[in-house]
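Undergrad: For chain A, the structure is supplied; the task is to place chain B on it using the hints.
Protein chains: 2
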Amino acid sequence: MPDTNLQLTSTISEDNTLQLALKNIEIPQPGADEVVIRIEAAPINPSDLAVMFAAADMTTARQTGNEHNPVISAKVPAQNMLSVKARVGKSIPVGNEGAGTVVAAGSSVDAQALMGKTVAVIGGGTFRQYLCANVENCLELQSGTSAIEGASSFVNPLTALAMVETMRTEGHSAIVHAAAASNLGQMLNRICIADGIDLVNIVRKPEQETLLRNMGAKYVVNSSSDSFYAELTAALIETGATIAFDPIGGGKLASDILTCMEAAASRNLTEHSVYGSDTYKQVYIYGALDRGPITLNRNFGFAWGVNGFLLFNVLGKLGTETTIAMRKRVAAEITTTFASHYTHQVSLAQVLQLESLGAYAKQATSEKYLVLPQA
Amino acid sequence: MPDTNLQLTSTISEDNTLQLALKNIEIPQPGADEVVIRIEAAPINPSDLAVMFAAADMTTARQTGNEHNPVISAKVPAQNMLSVKARVGKSIPVGNEGAGTVVAAGSSVDAQALMGKTVAVIGGGTFRQYLCANVENCLELQSGTSAIEGASSFVNPLTALAMVETMRTEGHSAIVHAAAASNLGQMLNRICIADGIDLVNIVRKPEQETLLRNMGAKYVVNSSSDSFYAELTAALIETGATIAFDPIGGGKLASDILTCMEAAASRNLTEHSVYGSDTYKQVYIYGALDRGPITLNRNFGFAWGVNGFLLFNVLGKLGTETTIAMRKRVAAEITTTFASHYTHQVSLAQVLQLESLGAYAKQATSEKYLVLPQA
Chain A
1 MPDTNLQLTS
11 TISEDNTLQL
21 ALKNIEIPQP
31 GADEVVIRIE
41 AAPINPSDLA
51 VMFAAADMTT
61 ARQTGNEHNP
71 VISAKVPAQN
81 MLSVKARVGK
91 SIPVGNEGAG
101 TVVAAGSSVD
111 AQALMGKTVA
121 VIGGGTFRQY
131 LCANVENCLE
141 LQSGTSAIEG
151 ASSFVNPLTA
161 LAMVETMRTE
171 GHSAIVHAAA
181 ASNLGQMLNR
191 ICIADGIDLV
201 NIVRKPEQET
211 LLRNMGAKYV
221 VNSSSDSFYA
231 ELTAALIETG
241 ATIAFDPIGG
251 GKLASDILTC
261 MEAAASRNLT
271 EHSVYGSDTY
281 KQVYIYGALD
291 RGPITLNRNF
301 GFAWGVNGFL
311 LFNVLGKLGT
321 ETTIAMRKRV
331 AAEITTTFAS
341 HYTHQVSLAQ
351 VLQLESLGAY
361 AKQATSEKYL
371 VLPQA
Chain B
376 MPDTNLQLTS
386 TISEDNTLQL
396 ALKNIEIPQP
406 GADEVVIRIE
416 AAPINPSDLA
426 VMFAAADMTT
436 ARQTGNEHNP
446 VISAKVPAQN
456 MLSVKARVGK
466 SIPVGNEGAG
476 TVVAAGSSVD
486 AQALMGKTVA
496 VIGGGTFRQY
506 LCANVENCLE
516 LQSGTSAIEG
526 ASSFVNPLTA
536 LAMVETMRTE
546 GHSAIVHAAA
556 ASNLGQMLNR
566 ICIADGIDLV
576 NIVRKPEQET
586 LLRNMGAKYV
596 VNSSSDSFYA
606 ELTAALIETG
616 ATIAFDPIGG
626 GKLASDILTC
636 MEAAASRNLT
646 EHSVYGSDTY
656 KQVYIYGALD
666 RGPITLNRNF
676 GFAWGVNGFL
686 LFNVLGKLGT
696 ETTIAMRKRV
706 AAEITTTFAS
716 HYTHQVSLAQ
726 VLQLESLGAY
736 AKQATSEKYL
746 VLPQA
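Note that the protein sequences, when read in sequence, are chains A and B. With our numbering, the residue at position 289 of the first sequence is 289, and numbering never jumps. With our numbering, the residue at position 273 of the second sequence is 648, and numbering never jumps.
With the rest of the complex left out, here is chain A:
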């Protein structure tokens, strides 16, 4: 194990520039409850892009440095500087999760137990070669699970499971999911099939419809279709879904979902109410694929909610026991229910090539990047 290693960092300077670079940083000795993980695989998630790009205008991005040590620079519009003032001048390590082999361990029993094991890890900046992490943030993968298979063990799997738990604890019985062909959407589809929960998948493209139907999805509606409202309403009537999860945010999809839920809920009402039906309808926004404003056209009565949905807050609400049970399920089913699919595998240096940056920055449902820091 070397003394130092490369870390992909994002830095905003006083002069309104963002810089992405590989910085050589020290590998610390693990504390009693810590382990050092040789990171072998880490996915690029939308939340990583938010850390990487922050408030910068990435259309101004240019690349300097060399092939092995590329540097990306971009301008931060002056009016955006206030929103990132707490990170100005700081090198932020990038990478929310990943997996690899434990190559050093602290003195505690829990840390020692992980020595030599393949683990998944959450937090800390995983776009690096060696990460020192608390054992609490590690998930031991089953023997035979590779780091590539386990790289996405936290963000997507726990988010999908948290959606199902939220549905249960808030008294709903079926789920609507937007951008449903994503890795997360495919996981949610498999969980719902396994757990016998009706899931209404909303996608935008015919090939995404086909993909999900081939994976056993019963309800798939295409928001680009002329008959979207009718088809969505029909699926809502059949499933009784009154809770939705939407990673898009901007635009009027959340509003349209509530409108169709209300149409489904009020279809049998014999008395008109100016307040709409008393069926409670909920949309959780868990991403910002469209950063534009959310527009709510109020034709869905008064029994509704639109709320932000952030994994860490939700796990806090669901409690430690539930979270531990979720983690165990993820480890047991990481190559089946929670399997992720990547279209590109890149080295740390390749993450900072303008061409690949342009591709993963699009956050296209069909493309997913995996970083291999040892490559």
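None of these hints come from the bench; they were simulated from the model. Treat each hint with caution, since some may be false.
Claimed, not checked - List of simulated lysine-lysine pairs, DSS-like, C-alpha gap at most 27 Å:
#, chain 1, residue 1, chain 2, residue 2
1, B, Lys627, A, Lys85
2, A, Lys252, B, Lys627
3, A, Lys23, A, Lys90
4, A, Lys252, B, Lys460
Claimed, not checked - For each label pair, taking beta carbons as the anchor points, the in silico distance ranges come out as:
#, chain 1, residue 1, chain 2, residue 2, range
5, A, Val109, B, Ala605, 52 to 58 Å
6, A, Asp110, B, Thr645, 29 to 35 Å
7, B, Ser599, A, Asn80, 25 to 31 Å
8, A, Gly89, B, Ala605, 25 to 31 Å
9, B, Glu613, A, Ala361, 37 to 43 Å
10, A, Gln353, B, Arg666, 49 to 55 Å
11, B, Gly694, A, Ser83, 52 to 58 Å
12, B, Ser548, A, Val109, 41 to 47 Å
13, A, Ser356, B, Thr697, 57 to 63 Å
14, B, Thr645, A, Asn80, 18 to 24 Å
15, A, Gly316, B, Gly694, 24 to 30 Å
16, A, Asp195, B, Asn688, 54 to 60 Å
17, B, Gly694, A, Ile193, 36 to 42 Å
All residues carry an ideal CB built from backbone N, CA and C; glycine is no exception.
TA: Just chain B, lined up with the frame of chain A:
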């Protein structure tokens, strides 16, 4: 007591017309748990206008009939007919609350106990002369309270109290209120002063600022002011308010409130988070003074909610004991904390004059109509 009496009704016909008229209907004999109330005063609330006007285009309103029995007709745009299909062909009685004298009572002890008393009543169509109501929907007013004083004992007082209870049960410690110079806003201001709760009042006009300050309000901000955001944020920092109630809905006020709450919550953060602060921020929309779309500009992180707030649903959540305690407080403080102020008193026939209709339909904060069915 006569056999029949006049009821203000709203009827939508198959031919896309809305008709408002006074209809002669029978006064039923009260059942065991019912009383007949001679309605002496009933307020025109925004919720009554929603029942009266429904989906009609009131710019097409015209008046026929005669002085004592006027009729208002208006066109319902074809595309709106679907939203009111459950009420087509039905005469809907108008009037959500009111007060008067019990002139007949059923055989039960509870009903008999109200004989001759002045009571407030909720539901049933109070824009009439004699209303038969279940005792559960009646609130006995204290001796000496007039029907005019008690006319608004339910909708506004219980909504204001439900806001305070919701603040408490959801773990907030101060309140933001929009359109705060309304009758309801004035009640909320008095409740918060009495209960020692910080209240941030948002108004649109200087005279409303003055009105509330003269009533002891400490925090009043004017959304028409150039320094609105700075003033609102300052008030949020001082009070720590993280829950807001907004009867307007349409537009971007809810979004602006969340943005200022986030600015207040994140002002001392030393670490930047792409998810924003973890302070949960809530806006409840309890009206539709602006029926346009709600626009949410997402610059307030992930810990937020915007939800519909409907009194009857909220009371259901708060429970029977809380509701009973609220009603008792209203009866005891109806001429002080829960006093309403009316700018116009009108007869049933006057409600259906185009001129007064044009005035109360505006739902101006400074104007409030009281119907006197016996006039």
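Undergrad: The structure should be examined with respect to each hint, and the outcome stated for every one.
TA: Outcome of the hint check:
no.: 1; hint: B:Lys627 to A:Lys85; result: holds, 25 Å
no.: 2; hint: A:Lys252 to B:Lys627; result: holds, 15 Å
no.: 3; hint: A:Lys23 to A:Lys90; result: holds, 13 Å
no.: 4; hint: A:Lys252 to B:Lys460; result: holds, 25 Å
no.: 5; hint: A:Val109 to B:Ala605: 52 to 58 Å; result: holds, 55 Å
no.: 6; hint: A:Asp110 to B:Thr645: 29 to 35 Å; result: holds, 30 Å
no.: 7; hint: B:Ser599 to A:Asn80: 25 to 31 Å; result: holds, 27 Å
no.: 8; hint: A:Gly89 to B:Ala605: 25 to 31 Å; result: holds, 26 Å
no.: 9; hint: B:Glu613 to A:Ala361: 37 to 43 Å; result: holds, 41 Å
no.: 10; hint: A:Gln353 to B:Arg666: 49 to 55 Å; result: holds, 50 Å
no.: 11; hint: B:Gly694 to A:Ser83: 52 to 58 Å; result: violated, 42 Å
no.: 12; hint: B:Ser548 to A:Val109: 41 to 47 Å; result: holds, 43 Å
no.: 13; hint: A:Ser356 to B:Thr697: 57 to 63 Å; result: holds, 58 Å
no.: 14; hint: B:Thr645 to A:Asn80: 18 to 24 Å; result: holds, 19 Å
no.: 15; hint: A:Gly316 to B:Gly694: 24 to 30 Å; result: holds, 26 Å
no.: 16; hint: A:Asp195 to B:Asn688: 54 to 60 Å; result: violated, 29 Å
no.: 17; hint: B:Gly694 to A:Ile193: 36 to 42 Å; result: holds, 39 Å
In this structure, the earlier hints numbered 11, 16 are contradicted, and the remaining ones agree with it.
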